Amino acid sequence: MSFSLLSAAAHGGGTPAWAMLAYLVAGVFFILALRGLSSPASSRAGNRNGMIGMAIAVGTTLVMHGTNLVEIGIAIAIGAILGVTIARRIAMTAMPELVAGFHSLVGLAAVVVGLAAWLNPAAFGITDEAGQIMAVSRIELGLGIAIGAITFSGSVIAFLKLSGRMSGSPIMLPGRHVINLGTLGAILVLIGLYTVSPVGGAGEGWMVIAVTVLAFAIGFLLIIPIGGADMPVVVSMLNSYSGWAAAAMGFTLGNSAMIITGALVGSSGAILSYIMCRAMNRSFISVIAGGFGADAGAAGGAGGAREQRPYKQGSAEDAAYMLEQAEKVIIIPGYGMAVAQAQHALREMGDKLKEKGVEVKYAIHPVAGRMPGHMNVLLAEASVPYDEVFELEDINSEFAQCDVAFIIGANDVVNPAAKTDKSSPIYGMPVFDVDKAKQVFFIKRSMGGVGYAGVDNDVFYMNQTVMLLADAKKMVEEIVKSLD
Amino acid sequence: MDFISILSIFVLACFVGYYVVWSVTPALHTPLMAVTNAISSVIIVGALIAAAEAENPVAKYLALAGVVMASINIFGGFAVTERMLAMYKKKEK
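Taken in order, these protein sequences are the chains called A and B.
With my numbering, you'll find the first sequence wraps up at 1502, consecutive numbering, no jumps.
With my numbering, you'll find the second sequence wraps up at 448, consecutive numbering, no jumps.
The set of hints was computed from the structure by calculation and includes no laboratory data.
From a predicted model like this one, the values you see are computed outputs, not experimental measurements.
There may be inaccurate statements among the hints.
A short, non-exhaustive set of chain B residues, derived as facing chain A with CB atoms under 8 Å [as the list claims (entries may be wrong)]:
hint	residue
1	V371
2	V375
3	V376
4	T380
5	I394
6	I399
7	A407
8	P412
9	A414
10	L417
11	L419
12	F430
13	L440
14	K445
Idealized CB from N, CA, C, for every residue including glycine.
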């Protein structure tokens, strides 16, 4: 591609300088929005910056294109009412599916904008002198529509899996890798054909439609083989895609606010995916290939295959007695705590123990729960101060000095097999060293189920471990009663 | 803006994003996802242009549907982020 062709591609032609400046300012506010999240103290100001940036971007656009304002106002009002209502009502435990649902809307909006730009290119300033869409814009449009569609259908599947409307277990199609790669290849080839196809020539329409349809299909196909506990990676990845979709549209419109935002969101999702994969010691490719937990789940289902090993079972009174004797207690919450909604009871337990002079800390594994930071939000909801909550690498050395490790709804993240057993599917994953604690209490519904990875956990059978077999919330409430 | 200028903004913004996001505390990763979700709805700009410049009713209502979807995200995303961030409190001394 020659430089003259590139520079001839005058994106967003006709946008006045003040508007370009306003969009740039909006982009800067979006950067400040994310910057604010570096600490809880500055985070709310950051969120406000995000709102200001959005107001500037929307206001600038409306001033420049001042037609159909009534209908547009009504559309925004409908969205505002729906959005705020959902945001107010949603339970904090349902945050992962909410985020997935919101991602699907961004994806679909990107598809709509892409199709609109394709149908009415002049309004978007992406036409050449002959009134045809420029080649560069065609690539951007095609990519924007494709990424948007993948984000949409992938997020819908993630939403259904996270909200339990669809089984969280992997659905494996035969030959899925061939199907997926073939579909991805077809999308890229179609975008290429569309770019070089003679302007206004026959078949231009079906190429765009085919890209859209195939991209919807690939989003669906990519996510169905991925199991429930790999969802933190999936949600982060879709977060990233929604950013790249916005960026692609930003290229089409020559809009700096969209490009900056797209780049920020795209890198944010990518970094979160990376953090999650690292915390499971798995490659991004292996997560995306899917199927984790499916084989092990089948083996567990065969029943009785696992040898019966002796374990100690305790009561709420036993736990309460040991906890109040302790000097230092570390609580490890996992997805089970979210399912049982036990965070409030847990905070009460923590308060009672603190009154008795016990040092209480919370330890969070990066992949605990169904999305990055899931446990932190739930503990914050239950009014656990954030300076009592610690990340894996900051607290792991403290287990050797702690009297009680209190595990509630977590399993794989405390499994020592990750450190010792090379044949284990979770080998190499960083885990909490609970085996170094003097005493371990392990709240679990029953001895039947074994974590997501489907591997047995030696912690159950350790000398210092007492199993508390019950619903997490009920058990913690009973412990709280016994502490009185 | 020509393609190279746009590409420059994009590449630099990717680097800004990289460093800014690594500085986000892991405790706020869920609000991070909620707020990135809200700001990625800046795509509403495209839907607004399409709705304002639509030449026929079908295109207009399609674009308006896009405006509704993006607005749900913007308002919902910022509101839920605000709600979450309000819960993060320091230890009372």
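Hints versus structure:
no. : hint : result
1   : V371 : 6 Å, holds
2   : V375 : 5 Å, holds
3   : V376 : 5 Å, holds
4   : T380 : 6 Å, holds
5   : I394 : 5 Å, holds
6   : I399 : 6 Å, holds
7   : A407 : 4 Å, holds
8   : P412 : 11 Å, violated
9   : A414 : 6 Å, holds
10  : L417 : 6 Å, holds
11  : L419 : 5 Å, holds
12  : F430 : 3 Å, holds
13  : L440 : 5 Å, holds
14  : K445 : 6 Å, holds
Comparing the model with each earlier hint shows a violation of hint 8 alone; every other hint is respected.
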